[in-house]
Amino acid sequence: MSPPVKLIGSFGSPLVHRAEVALRLKGVAYEFIHEDLENKSELLLKHNPIYKKVPVLLHGDRTVCESLIIVEYVDEAFEGPPLLPSDPYDCAAARFWANFMDQKCRKPFWLSLWMEGEVQKGFMMETKENLALLEAQLGGKRFFGGDSIGYLDIALSGLAHWIGVLEEVTGVILVGDEYPALRRWANEYTSDEAVKQCLPSRDHLAAYFTANKDKLKMMAIAMLHQ
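Numbering (this note's numbering), first residue to last: 1 to 226.
No lab work stands behind these hints: they were computed from the structure. You may find that some hints are simply not true.
Ranges of calculated distance between the beta carbons of each label pair, as one might list FRET restraints [as the list claims (entries may be wrong)]:
id, residue 1, residue 2, range
1, Pro3, Gly122, 43 to 53 Å
2, His34, Met218, 17 to 27 Å
3, Leu45, Asn187, 31 to 41 Å
4, Gly171, Lys104, 20 to 30 Å
Derived SDA-like pairs: lysine to any residue, alpha-carbon spacing no greater than 25 Å straight-line [claimed, not checked]:
id, residue 1, residue 2
5, Lys53, Ala222
6, Lys213, Glu126
7, Lys107, Ala207
Since we're looking at a predicted model, the values are computed, not measured. For each residue, glycine too, the CB sits at the ideal point set by N, CA and C.
Kindly generate the complete structure, drawing on both the sequences and the hints.
This is the structure in structure tokens:
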């Protein structure tokens, strides 16, 4: 019998979504354990004592942390449709652009949404440049890897669902009509049946972000000075 699979996560996290959608796309049965990040459990602290963050994947007596590392582990450890490309070059390119999202895009995206004035203007310019690069990567493809959802789509999934909700809450538009391929891709991604099963509803996300606006602005200010 296969060891049980459990995923420690929290509501509304695009990083947790990465891990969860990888499991669903591979057809892996799992138990979702909801973590209260304001009062972190012994289970989380035991299995991720270094970062103390979600997501955390438990596969029998094995622990895997960090969202993209979890996606790669799930792809290699379980049967099902591949998430990473089989070609070494294509695989390297997917990892490159996933790293680009986390290292080059996340901070300017977040600060564009929550800052004001000249500071916001500078980060919005950087965000637009990054979005143009991602738009070019799509070309005429349905998904970043071709005709089916793969590793890079999962890595960029925050753009497909979360950004639109945050735009609604903050009134700041980032992914406008000048990015038709990204907008089409986002619709394709969020319409997939496996994806829909682990997407938080837009209404619940909007309510959460609205209720936590002050906290999220403080997070942005702290990020600005990092």
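Checked hints:
1. Pro3 with Gly122: 43 to 53 Å: Roughly 49 Å apart at Cβ, these two residues keep to the hinted range, so it holds.
2. His34 with Met218: 17 to 27 Å: holds (24 Å)
3. Leu45 with Asn187: 31 to 41 Å: holds (39 Å)
4. Gly171 with Lys104: 20 to 30 Å: Distance hint for Gly171, Lys104 holds at roughly 25 Å.
5. Lys53 with Ala222: holds (18 Å)
6. Lys213 with Glu126: It holds: about 23 Å lies between the C-alpha atoms, which stays within 25 Å.
7. Lys107 with Ala207: holds (23 Å)
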